[in-house]
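Using the hints, put the two chains back together into the complex; each one sits in its own frame.
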Amino acid sequence: MMPDDRTMWITMGPQHPFSHGLWTLKIRADGEIVKDAEPVIGYLHRGWEKECENRTYPLIIPMADRLCYSASMTWSHVYCKVVEEAMGIELSDRAKYLRVVADEMCRIQSHLMWLAAMGTDLGNLTVFLWALRERELFLDLNVKLCGQRLTTNYPRIGGVRNDMPFYFERDCLRVVNRFEKMIWELVAMMDESSIFLSRMQGTGIISRKDAANYGLTGPTMRGSGVDFDIRRDDPYINYDLLDWDVAVCKDCDSYGRYKVRMEEMFQSCDIIRQAMAKLESIPKTEPTRIKVPRRVPEGTHFARLEDPRGESLMYLVSDGTDKPYRLKVRSPIFVNVSASKHFVNGVRIADIPAIMGTLDMCLGETDR
Amino acid sequence: MPYDSILNWIKFTDPMANPFYPYIKGGSAVYNLPYDIGHKLWELIGGAIAWLVNLLFPGNGVSTFLVGNDMFVNLISIVLMVVVIFAVGFIVNITMIWEERKILGRMMDRRATRIGPLGYLQNIADGLKTFLKEHITPAKADKKGYMWAVTILIGTSVLIACMIPLSDRWFIVDYGTGLLIIFGLFAIAPLMILVAGWSQNNKYSLIGGMRAAAQMVAYEVPILLVFASVSLLAGSFNINDIVHAQANSTWYIVPLFLGFIVFIVSAIAEAERIPFDLPEAEAELVEGWQTEYSGMKWGLIMLGDYFRGYIACALIVIMFLGGWYVPFISVEQQASWLPEIVFLLKVFLVFFVFAWVRAAHCRVRTDQILNIGWKVLMPLAVINLGITVAILLAGGILW
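In order, the protein sequences belong to chains A and B.
Residue numbers for the first sequence follow my numbering, so the first one is 37 and each next one is one higher.
Residue numbers for the second sequence follow my numbering, so the first one is 28 and each next one is one higher.
Hint data in this document are derived by calculation from the structure and do not stem from the laboratory.
Some hints here could point you the wrong way.
As the list claims (entries may be wrong) - List time: in silico DSSO-like cross-link candidates among lysine-lysine, alpha-carbon distance up to 30 Å:
no.: 1; chain 1: B; residue 1: K230; chain 2: A; residue 2: K71
no.: 2; chain 1: A; residue 1: K364; chain 2: A; residue 2: K86
no.: 3; chain 1: A; residue 1: K217; chain 2: B; residue 2: K156
no.: 4; chain 1: A; residue 1: K71; chain 2: A; residue 2: K245
no.: 5; chain 1: A; residue 1: K62; chain 2: A; residue 2: K217
no.: 6; chain 1: A; residue 1: K71; chain 2: A; residue 2: K377
no.: 7; chain 1: B; residue 1: K156; chain 2: B; residue 2: K129
no.: 8; chain 1: B; residue 1: K170; chain 2: A; residue 2: K62
no.: 9; chain 1: A; residue 1: K86; chain 2: A; residue 2: K359
no.: 10; chain 1: B; residue 1: K167; chain 2: A; residue 2: K62
no.: 11; chain 1: A; residue 1: K86; chain 2: A; residue 2: K286
no.: 12; chain 1: B; residue 1: K230; chain 2: B; residue 2: K160
no.: 13; chain 1: A; residue 1: K62; chain 2: A; residue 2: K377
no.: 14; chain 1: B; residue 1: K171; chain 2: B; residue 2: K230
no.: 15; chain 1: A; residue 1: K364; chain 2: A; residue 2: K377
no.: 16; chain 1: B; residue 1: K167; chain 2: B; residue 2: K156
no.: 17; chain 1: A; residue 1: K180; chain 2: A; residue 2: K217
no.: 18; chain 1: B; residue 1: K171; chain 2: B; residue 2: K160
no.: 19; chain 1: A; residue 1: K217; chain 2: A; residue 2: K286
no.: 20; chain 1: B; residue 1: K156; chain 2: A; residue 2: K62
no.: 21; chain 1: B; residue 1: K402; chain 2: A; residue 2: K71
no.: 22; chain 1: A; residue 1: K327; chain 2: A; residue 2: K314
no.: 23; chain 1: B; residue 1: K167; chain 2: A; residue 2: K71
no.: 24; chain 1: A; residue 1: K377; chain 2: B; residue 2: K230
To be verified - The following residues of chain A were derived to be distant from chain B, with all beta-carbon distances above 12 Å:
no.: 25; residue: W166
no.: 26; residue: D199
no.: 27; residue: K286
All values reported here derive from a predicted model rather than from experimental measurement.
Ideal Cβ positions, reconstructed from N, Cα and C, are used throughout, including at glycine.
This is chain B alone, in the form it adopts within the complex (with noise of 0.2 Å):
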């Protein structure tokens, strides 16, 4: 149990007894911490009410059942896992918000965030602001797409976020096919908008959804292909397996160099970041699809934004940037530090690379954004395929 000293506070139960542990991996004793700290949660919160109906009511079966249910208690843990992990997610997304905010800041030569230390309750201010804005149903829209696309869309995004693991003790779920299901998940998002720009009755609306369905099918291929190549070369889909074996190896960006270029062009454009924002390019088409969106549905529909670009850096550290460990010191030394943090920050400094780009660039056109993904991306993604056999001919990453 290498997490043993840091989790000693935590008084686990055997996780490995309940069958309804999600965590299944050849009997290790790695921990699935938000699990643990759901259930550590419930420890507390339900032995309390039991505690109390039992003060109030002698001798009824309900605090049995609060605490005593196996089936009840890990719903209710499964549930805190959920919230746990949204949390974090959630923090994990301000602190990118205030930290491109803040860069950008430094950049444009002003004024960046101001409430709170360091400005960094900003986000936090403009996210109750959302709260208090009106909601604005187009009298004219497709009530059901108008809704449903943007619960989807914010839905699928933290969903994701569940499937990125921060270290191999930090996840929900670690599916041997990871990095499939992340991309089948990331592929319901161009679908979403086209069904929101479309129920808008709003023309900008429509255009934005028709470019944002353009531009992301145009992208998914070089990053399937790029999937594809970083799975060839760790040998699986599961994304602690690609980390292990870039622990094992080296960083997958060294002999994966032009998948890694690839890749990150691919993934600002899968975010709708700025040279690639055509969907909601402000200066011709005013918010794009997002136009007819008002109130916490818009800022839904942001953190979703900003969730997808957290996808984005994490897959990015995860095939290319060795996920959480730090080159040239083992793996068992490094399992005493927090490797949660050692991934935050390799994010945060991809996230850097994204917010850096935004400021140096303006926005390409829908064209050229075509013409960038199909006639660019696309050879080079094949290119670096090829070079993943060759490696693999070859005999592996041999150093």
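If we strip away everything but chain A, and leave its shape as in the complex, we get (with noise of 0.2 Å):
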């Protein structure tokens, strides 16, 4: 270092407050400004995709699960898509709208933890402890369907593992009304506090060329006001038979993707709403799971679909067996993280949980 540098190092993790998870973010800090950062990651690398290449495509389905724990609906999901897709296999109905509810909740729970973990980067409990109230509900929801909490184990390649129980769909909507109701709460305490306000705009600006030049995705990238969502624009699961908003702010701040967040929610609980109403007119004797042979025929294939973290795929490469020859996997978050050093370049320390905690870290599906 030069000797007039007066700027330091500081590694901010792999066990850190604002890390939510194993990594590290060195930066380099001239008193309280952020001069450079380098993420660090790799704390939780356990060699997921080597392990799946030993496993035969069902017993994969429980792994994909343990991608994320808050959105382990929708990585059992992504990796059901792509097998699916490598047997050239077509869902039944019920199937596809029970996954739509499946994965809404999922995403509903995952915006939950975010807002949650959001509370506690901001330095307000409050915000956490009623986020998580919230979300007991959606678990025990997945309780009902599924039979556990986080790791859901439900989708199956070719459908879904059951049917919904008696009074899930009551069960369902009473949560999602409530939600509808209870949410405000927390709107209040974020949106109408000025000092929130002042924490989150025009903070971690990331414009909208940036966002697609560092391959952003997900609300991260809507924040930015890249209007694209993979749901309405490379329709899966019958989301284009449904009626619903793709939540985009311009605002290209922190604030603009919590705003993305807390709406894409009110957007989850319209479409349960109106899956549960398109599965009531499906009668109940269609298959929720078809049969499927061992093997997937020889080939390379790959499926997405909006996480709520952004883009998930997966990439098949089958030799022909009944074990993956190669299973690689995108996740949005190790794409996210990469630009970190641009988020948090030139601002203050105390800015950066603000501003990572946007990004909504999940170290499971980064370090895989």
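This is the structure in structure tokens:
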């Protein structure tokens, strides 16, 4: 270092309250100002992709759950989707709408988990506990539907594990209706607090162009004004038959990303309600799961869908046996966190949790 | 002797005849309660020891020294008085922490404290737990700074608590310049936090210490201006005089509402509570300047924090909310009540606002906190001082 260089490197992580998982953000700080940053990941690497090569196709579903604890439904869904596309299977309508319901429930509870973490990042424990209180009801719905709170193990290759249990529709609509009322408490807590707004507005600015160039996806990208959502632009499981809007905010700052996630939760409620109405019209005799072969024909396939955190993609190379030859995961957070240097350059140390919190970090899928 | 009826159980010797009696105030018959309790305690303990010694070795000079020597008895009484004050301060603190945890629990929709009746003993349990924790001193830390910073921090915090009376009979010292001394003692803490942050040889704690210094310097100026306006209006720096002046005219929250707002914000910042707890911002700085402290040292830091929170609330009550008096009832009538209880209830009420703010707000940023201090509170404090001067020029508070 130059003798007149007054900066110092601070290693934030891997065990640091802001990191929400095991990763390190090394920052070069000049007093309070961040001059440079470098994300370091890999603390949670467990060889997920290699492990999959030794397992038969159905055995990978519970492993896919464990890619991200709060988005387990969408991760096992994207895995099932890539295998189904490789096999050329078309699902029954009932299975499709059940997956819609499960995915959107997962999206809401994942966003609530993000909101809770955001609360602690900003030093507001009330938001943390209120958000977790609401999330608890969706986890209870998970228990009813799949028997598990977090690692749901619900999608199957060719459908879903089981149909809705008795009274699930009633409970689900109750929870959704209650949630839509109670979330306004949280909105009042945050949007009407000038301290919250002063922390969020105008910080962590990512322009539309940068968002595209860094390959950001999901709410992080839509918070920068990019109007793209796989559910609408590359529809799967009948999302095109439902009536909903893509949440986009042109603010390009932390507040924009916050707005997008909050709006997405409301849209998810709408989607759940519509999917429930559609399920009503489909006879219960329709199978929720169809029988699939053990082996996947030789070839390469990829499938993507809209994870709560962005675009999750799996790339499957099959050699015709009952085990994948290679299964590659494209994690949205891996890409988003790679841009963290750009996110935090020039901000104050106090803003780092507020900005990185809006990315909704999840290290399970990043390190794999 | 207005408190005679309550204190009949203590058989006072004439305290005014005692040259070591710390209370000096125009020969009024108001008693200094902690001192008298200390004195009475020594009457009991010292008397028992003297009796025992006399029983075992009759006719020696030890028993007469223990209970008959004025200087020794006073020294012991003062030591016991300190113990009494610390015990009361400690219980008040425990109650405040309990209050905060209960309120936060209610507001956050979760369970709060569980142990004991109404969960009151939870803090005792938590405090005892810190005794069992290991003391860790970082290998490359500056040992002296690391040890002494926290000692002086808790020392000055308790010292200010001694300056705060609970009523006009419950205090240790009653200086004519009480407010100034409190302010001076308050100003030692930022320096010690800086030393503590620096001595740990940890980047987080260093940044936390620097933040604490910047923040507290910024917020001490408005606090000093508010002190000035209050003491101008009361015509004295003495805390008893300020309270009595309010009992004679009106609570100063009415004429000095602006000052009240400025002081409550600054006090939250000085006590490092949540909208302004940047020095220990756990999201980015782990635990700020307290990062490397462990075991009972950390427990003492937490206790010191709440002592300072108590001091801030008590100052608000003393300066703006009429101290230990209730409005619309004559002072003579109130003297037969327990003014200490009135005072503590008011303190807990102010602390409720502190806890409420903590539950409702996020943490502000480093530059924002300095902006609020210098650009908002500072002008408001000056305007408040101007209002005070205008009131004085108009002839004081007329109603």
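Hinted pair K71/A and K377/A, Cα distance within 30 Å: Cα-Cα ~10 Å, so holds.
Please verify whether K180/A and K217/A have alpha carbons no more than 30 Å apart. holds (22 Å)
Run the distance test for K62/A versus K217/A: straight-line Cα separation, threshold 30 Å. Violated. K62/A to K217/A sits at ~41 Å, over the 30 Å cutoff.
Are K171/B and K160/B close enough, with their CA atoms no more than 30 Å apart? Answer holds: K171/B to K160/B is near 21 Å, not above 30 Å.
Would the hint linking K62/A and K377/A be met if the CA-CA limit is 30 Å? With Cα atoms ~9 Å apart, K62/A and K377/A stay inside 30 Å; holds.
Holds or violated: K217/A with K156/B, Cα cutoff 30 Å? The given pair, whose Cα atoms are some 41 Å apart, is violated under the 30 Å limit.
Given the hint that K327/A pairs with K314/A, test it: the Cα-Cα distance must not exceed 30 Å. holds (24 Å)
Given the hint that K364/A pairs with K86/A, test it: the Cα-Cα distance must not exceed 30 Å. holds (9 Å)
Given the hinted pair K170/B and K62/A, is their alpha-carbon gap at most 30 Å? holds (28 Å)
Distance rule for D199/A, whose beta carbon must clear each one in chain B by more than 12 Å: holds (34 Å)
Sort out whether K286/A lies within 30 Å of K217/A, counting only the CA atoms. Given pair K217/A, K286/A holds - Cα atoms ~26 Å apart, limit 30 Å.
Measure nothing beyond the straight line between the CA atoms of K230/B and K160/B; if it is 30 Å or shorter, mark the hint as holding. holds (24 Å)
Going down the numbered hints, you'll see the structure goes against 3, 5, 11, 20, 25, while the others check out.
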